[in-house]
Each structure stands twice: as C-alpha cells, then as structure tokens.
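Asks: Sequence:
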Amino acid sequence: MNSRYVHLHDALGLGVMWLNREAVLHHTPAAAPTVQKVAPAPLPNAPSAPKARPKNAADRAAIPARLAALQRVGVYLADPAPAEAEPAPPPAPPEAAALTAPVRPARIAALCECPSPADIAAGTLFGGADGELLDKMFAAIGLRREDVYVGCWLNRLPDFNPEPSAEAVSAALPRLQGELAAAQPAALLLMGRFFEREDVRRHCAVFGLPEFRIPHPQQMLANPTLKRPAWHTLQALQTLLQESPP
Numbered sequence: 001m002n003s004r005y006v007h008l009h010d011a012l013g014l015g016v017m018w019l020n021r022e023a024v025l026h027h028t029p030a031a032a033p034t035v036q037k038v039a040p041a042p043l044p045n046a047p048s049a050p051k052a053r054p055k056n057a058a059d060r061a062a063i064p065a066r067l068a069a070l071q072r073v074g075v076y077l078a079d080p081a082p083a084e085a086e087p088a089p090p091p092a093p094p095e096a097a098a099l100t101a102p103v104r105p106a107r108i109a110a111l112c113e114c115p116s117p118a119d120i121a122a123g124t125l126f127g128g129a130d131g132e133l134l135d136k137m138f139a140a141i142g143l144r145r146e147d148v149y150v151g152c153w154l155n156r157l158p159d160f161n162p163e164p165s166a167e168a169v170s171a172a173l174p175r176l177q178g179e180l181a182a183a184q185p186a187a188l189l190l191m192g193r194f195f196e197r198e199d200v201r202r203h204c205a206v207f208g209l210p211e212f213r214i215p216h217p218q219q220m221l222a223n224p225t226l227k228r229p230a231w232h233t234l235q236a237l238q239t240l241l242q243e244s245p246p
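Following UniProt numbering, the numbering of the sequence shown begins with 1 at its first residue and continues without gaps.
To be clear, the hints were calculated from the coordinates, so they are not data collected in a lab. A hint or two may mislead.
[Claimed, not checked] Distance ranges between label pairs, derived from CB positions: (1) Pro229 <-> Arg175: 29 to 35 Å; (2) Leu221 <-> Arg201: 32 to 38 Å; (3) Ala129 <-> Val206: 28 to 34 Å; (4) Ala139 <-> Ala166: 35 to 41 Å; (5) Ser244 <-> Glu146: 31 to 37 Å; (6) Thr124 <-> Gln242: 25 to 31 Å; (7) Ser165 <-> Gln242: 37 to 43 Å; (8) Thr239 <-> Ala121: 16 to 22 Å; (9) Trp231 <-> Asp147: 17 to 23 Å; (10) Ser165 <-> Thr233: 24 to 30 Å; (11) Pro229 <-> Glu167: 28 to 34 Å.
Virtual Cβ for every residue (Gly too), placed ideally from N, Cα, C.
Use the sequences and the hints to build the structure in full.
Replies: Dropping the structure here:
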C-alpha cells in the first residue's frame, strides 16, 4: 500500500483500523526507472461518518467550559429571574369622620386638632383616659357627652405632625363651617395648643361664636396643674350657657 494512503487515513482521523489488513506497503526503490502502480484497495463500508474531533488538546480542554457556558445561557433564557415586586403603598391615614358621631344640634362644640393614635386604636374620639376627664369636665358644668358636638379641625394629620401647614388648616374651614351650621352650638370649646396659632385664631373668628380655650385633656393628664385654669374657663362657659338657655 502506498505510504500516502496511510498518511491520508491518519489525517482524516481514521487511524490504522481502517486499513485493509491484506494490504501490503510497497517501497519503490529509488534507482528504479519506473514506478510500479498499485491499485488502491477498496475502503470498507463504514456504518456512519466519524464525528469530527478537536485538532489539539487545547480545543478538547475548552469543550467542557463551552458546554457550561451554553447551559448557563439556556437557564437564563428559559427561566429568567422574576422581577422584584413593588412594595405596596402605605395605607391612607384614617379619617376622623369615621370616629366622630353624626352632626346633630348641640349646646356647645368641643374641637381638638386631630384624632390621636389612641383615638384611632379605640375607634372613637376621646375614647381613653382623656375622654373620661373630658366627660367629668362636661358634667361639672351640667353637660353630658350627648349635649356636645365633639369634632376635629383636621380629619387626618399625616405622621401626626404637630405643626400642620397653613394650607391644610385653611382647607378644613369649609367643612367645619358646615358642621357647625348643622350643630348650631352656642359656643366653641377649643382644646389644645393648636388653637393658639395666629392663623387658626383668624379662622375661628369666621364662625362668629364665643370661644373658650383650655388645654387638651391629654395635657392636663400629663400636667395636673393645668386643671385649675381650665376649670375657671369652664365656669365662664357655664355662665354663658345659663344666660343662653336652649
């Protein structure tokens, strides 16, 4: 068999296993004037074409890394990471309207700034110890809770900010005017430091009602010395009510 035939098999990756076992390699003498022609032996029937193999060791070593990269790409395409869900918006601040009783005719209107956290937890304005103190003060001047319209200047106060903006204060004025028109009180009992603000004083003057200012019941619970001046104010309110019978 010609040596070129052997080299061709080796270059194709067929190896010596594909050589005809009966083929004999003939060497042509260099001095021979003619070259003996040998017919090539027929190739054996292969069941299938051999798979191409990497040409060198570096290519063979790179195969596992390529397969791993393809697998990673396939995972990302088939199962993308779910997008992070957006956080739910915080709940809206509770409305004081849900805590106050329906507006009805009353002897006086007692107003505070806004519902406190304790009011929200109790589901009613002045539902805790401050409400007990307020009821005692009403009783001391001959009033029941049913005789008083208890309301808030602000229906809600984000983060319970002790200094609401002037815009928020003025925006509540039309609602308050409607509530007071329905209650028809003879006077206003204004509770808390909020009603000492200059802009709030100007708005209160619009109502055209006598005003009596006392500390908030929570302040009096924290500082009992505030009860005595509050009692003097309540006595003045009682005198007004006695002079203006229902």
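Asks: Hints first: check each against the structure and report whether it holds.
Replies: Evaluated hints:
Checked against the hint of 29 to 35 Å, the C-beta distance between Pro229 and Arg175 comes to roughly 30 Å, which is consistent with it. Roughly 25 Å separates the CB atoms of Leu221 and Arg201, a value that falls outside the hinted 32 to 38 Å. The hint said 28 to 34 Å for the Cβ distance between Ala129 and Val206, and at roughly 33 Å that hint holds. Restraint check, Ala139 to Ala166: a C-beta distance of roughly 36 Å satisfies the suggested window 35 to 41 Å.
Between Ser244 and Glu146 the CB atoms are about 19 Å apart, so this pair departs from the stated range of 31 to 37 Å. Under the hint 25 to 31 Å, the C-beta atoms of Thr124 and Gln242, about 29 Å apart, fit the expected range. Separation of Ser165 from Gln242 is about 39 Å and conforms to the stated range, judged on CB atoms against 37 to 43 Å. Separation of Thr239 from Ala121 is about 37 Å and departs from the stated range, judged on CB atoms against 16 to 22 Å.
The hinted window of 17 to 23 Å between Trp231 and Asp147 holds, with their beta carbons roughly 19 Å apart. Between Ser165 and Thr233 the beta carbons are some 28 Å apart, a value that agrees with the proposed interval 24 to 30 Å. With their beta carbons about 32 Å apart, Pro229 and Glu167 fall inside the hinted range of 28 to 34 Å.
In summary, the structure is inconsistent with hints 2, 5, 8 from the numbered list given earlier, while agreeing with the others.
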